[in-house]
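For the protein sequence lines, the chains are A and B, in the order given. Whatever position you read off the first sequence (first residue = 1), add 96 for this note's numbering. Whatever position you read off the second sequence (first residue = 1), add 8 for this note's numbering.
Everything labelled a hint here was simulated from the structure, so no lab data went into it. What you are looking at is a predicted structure, and each value in this text was computed from that prediction instead of being measured. There's no promise every hint is true.
Said to hold, decoys possible - With a Cα cut of at most 25 Å, we get these calculated PhoX-like pairs of lysine-lysine:
1. A/Lys194 <-> B/Lys117
2. B/Lys494 <-> A/Lys171
3. B/Lys493 <-> A/Lys171
4. B/Lys402 <-> B/Lys318
5. B/Lys450 <-> A/Lys176
6. A/Lys121 <-> B/Lys117
Here is what each chain is made of, one letter per residue.
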Amino acid sequence: MAHQNQGLQMLTSNRLRDGDVLYRKGDGWVLMLADGEVYGDQTSAEAALAAATAELARNEFVAPYLFEVREVSGKIVPVKEREIIRAAGPTVHPHTGKQAAHA
Amino acid sequence: MLNTLVKAVAPNMYRYDEFDAQFVGERVNQFAGQVARRLSGELTEDQFKPLRLMNGLYLQLHAYMLRIAVPYGTLSSKQMRKLAHIARTYDKNFGHFTTRTNLQFNWIKLVDVPKILRELADVEMHCIQTSGNCVRNVTSDQFAGATDEELEDPRPLAEIIRQWSSLHPEFVFLARKFKIAVGATEKDRAALQWHDMAVQIVKNDKGRTGYKVMAGGGMGRTPYVAHVMSEFVEREDILAYLEAVLRVYNQDSRRDNIHKQRIKILINTIGPEEMRRRVQREFEELKRMGTLQLPREELDRIAAYFAAPKFETGLSDSIPDAGPDFANWVKTNIHKHKAPGYAIATITLKTPGQVPGDATAEQMEVIADLMDQFSLGEVRVTHEQNLVLPHVRKQDLPAIYARLKELDFASPNAGLITDIIACPGLDYCDLANARSIPIAQKLAKRFEDLDRQHQIGELKIKISGCINACGHHHAGHIGILGVDKKGVEFYQLVLGGSGAEDASVGTIMGPGFGEHEIGDAVERVVDLYLAERKDGERFLDTYRRIGMEKFKAAAYQEAVAA
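The task is simple: from the sequences and hints, build the whole structure.
This is how it looks when you write it as structure tokens:
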């Protein structure tokens with residue numbers, strides 16, 4: 097049975113032309129998790145996913161899905177390792193991915 | 009850098025003929041059109057995905073990943089330089105050599121793929137059939153054509169199989185992927201028995217050369233070692249026999265359950281005897297039709313591409329003295345060559361702390377220079393994610409070693425505990441449950457003391473970030489499988505596997521260890537081996553003699569105490 101997300105959520109996808117990781121903000125997308133929108137309840141999260149799914153025909157992004165986040169010391173961080181790595185980049189090459197800006 | 013001084017050498021390897029060049033060119037144009045139609049919206053993602061996979065293009069965690077075929081692991085210096093150029097121009101300056109002897113780029117933009125494929129076609133390379141449910145890149149022994157252990161060079165047959173299986177109309181949409189390997193020695197360096205189908209070149213009791221065919225090996229969720237389908241197939245019948253195996257698989261495999269679609273499941277469900285009967289029936293039918301005979305002239309025509317180079321004669325057959333570090337490298341990384349005065353040199357891409365299998369554009373270019381200057385323009389990629397210079401003069405080994413040291417690729421660890429296989433894992437892969445590379449890096453650093461590595465001897469650690477087993481954990485003397493427990497990485501130990509001629513499936517020890525526990529657990533397993541081993545025993549021998557229980561008690565000792 098598919099895992100049902102709990103608590104805070106965000107919506108992500110990959111950009112079609114280069115595969116870069118995107119995060120939903122309002123009716124659009126941003127590149128950094130810290131800039132993305134956090135959904136506090138299931139209804140708003142599912143509404144965002146439905147809106148994004150309806151936009152797939154624009155051919156700007158692919159495979160949108162919701163994932164769990166939590167607040168740690170005032171910062172939003174993903175719950176699962178997979179999303180932590182997507183948000184930053186490979187842990188073994190700190191000069192690559194979104195983390196490169198801070199390397 | 010040397011490459012401005014070194015003239016590219018044309019090695020003895022297969023060269024595209026007019027048909028090959030046209031075929032690859034047309035395929036590039038076709039996929040360029042498909043990419044354009046996807047970007048314009050004419051194709052949906054669901055329509056485009058199977059098309060991109062047929063061209064080796066995956067969407068991973070951070071970007072697209074492009075997998076480039078390196079048939080039977082053979083690369084020319086010109087091709088290596090092209091890979092370096094692509095790494096620098098279209099990626100983030102590095103590539104990753106894989107356990108299928110391919111090369112992957114991890115940071116590719118979809119919009120750049122047509123340009124990259126055109127650049128690859130310029131050096132007779134492509135990405136066709138590096139993914140999808142088809143016959144994948146054919147692999148072989150990295151010492152092919154150089155070792156005196158082989159009956160004959162396996163690369164001509166590997167090339168013939170590559171040509172036969174490329175866009176074979178009957179086998180483009182198999183139930184699942186299908187991997188083939190070819191070997192020609194008793195010593196198995198190509199993990200033959202772990203393949204969907206494998207061919208070993210053998211002699212029969214009349215002294216005639218032919219082929220032993222095995223099928224049904226595979227890793228993944230349900231690991232099996234292959235069964236022998238035929239002890240001896242005549243040379244001219246080999247394609248008919250391989251086609252018979254694939255035809256039975258294609259007709260009889262389950263397509264209703266993704267976990268039961270590989271040929272290993274079919275063979276182990278109906279039994280190897282029944283599989284042999286069905287294959288024999290198809291084979292006889294194909295023989296009767298007479299359409300798939302492999303004429304001797306055709307085998308000879310392909311073999312001519314791989315003719316042994318003209319080795320120099322009169323060379324000294326001794327290796328120069330160049331200090332203790334060099335002597336250690338020679339001990340593990342140099343293998344006997346068939347020609348006097350020559351050697352086979354393994355370059356491990358595994359200096360402790362490095363990402364196994366990664367090479368930067370600059371490293372690739374220097375290796376290309378070494379290929380031209382010292383190894384007749386050729387290098388081989390191994391399924392253990394290393395490179396091999398197949399034909400080097402022994403007198404040149406100190407100079408090669410010195411250059412490799414500058415590259416940080418001179419680690420004297422081939423076959424030792426720090427020569428670890430690791431899949432890309434959760435750092436890149438969309439399918440992974442846990443990271444593999446950092447575990448490999450930490451284990452290699454933990455065991456980097458060379459005296460200790462030699463004391464431990466041959467010990468193969470193989471790490472996968474998920475059950476798909478791209479890191480060959482089932483075949484590791486010590487295998488490590490990354491699993492996900494509620495979003496947190498854990499690592500299961502698997503002991504007793506082998507990918508060599510004594511192939512065996514490893515046994516899972518028990519519950520997984522945390523990221524920070526797995527290194528200690530491996531160390532306790534190794535310490536127990538050192539305490540228990542008898543003279544001359546490898547880790548695998550000791551494990552097979554004393555079994556899992558003692559190792560299990562040792563591995564969990566501290567975890568339980570904590």
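Each hint tested on the structure:
A C-alpha spacing of about 15 Å is found between A/Lys194 and B/Lys117, which places the hinted pair at or below 25 Å, so the restraint holds. Between B/Lys494 and A/Lys171 the CA atoms are separated by roughly 21 Å; this keeps the pair inside 25 Å, and the hint holds. Annotation: proposed proximity of B/Lys493 to A/Lys171 holds, straight-line Cα distance about 24 Å (limit 25 Å). With a C-alpha separation of about 16 Å, the suggested pairing of B/Lys402 with B/Lys318 holds against the 25 Å cut-off.
Taking the CA atoms of B/Lys450 and A/Lys176, the gap is near 22 Å; set against the 25 Å cutoff, the hint holds. Simply put, A/Lys121 and B/Lys117 have alpha-carbon atoms about 23 Å apart, close enough for the 25 Å limit, and the pair holds.
Violated hints: none; the structure is consistent with every hint.
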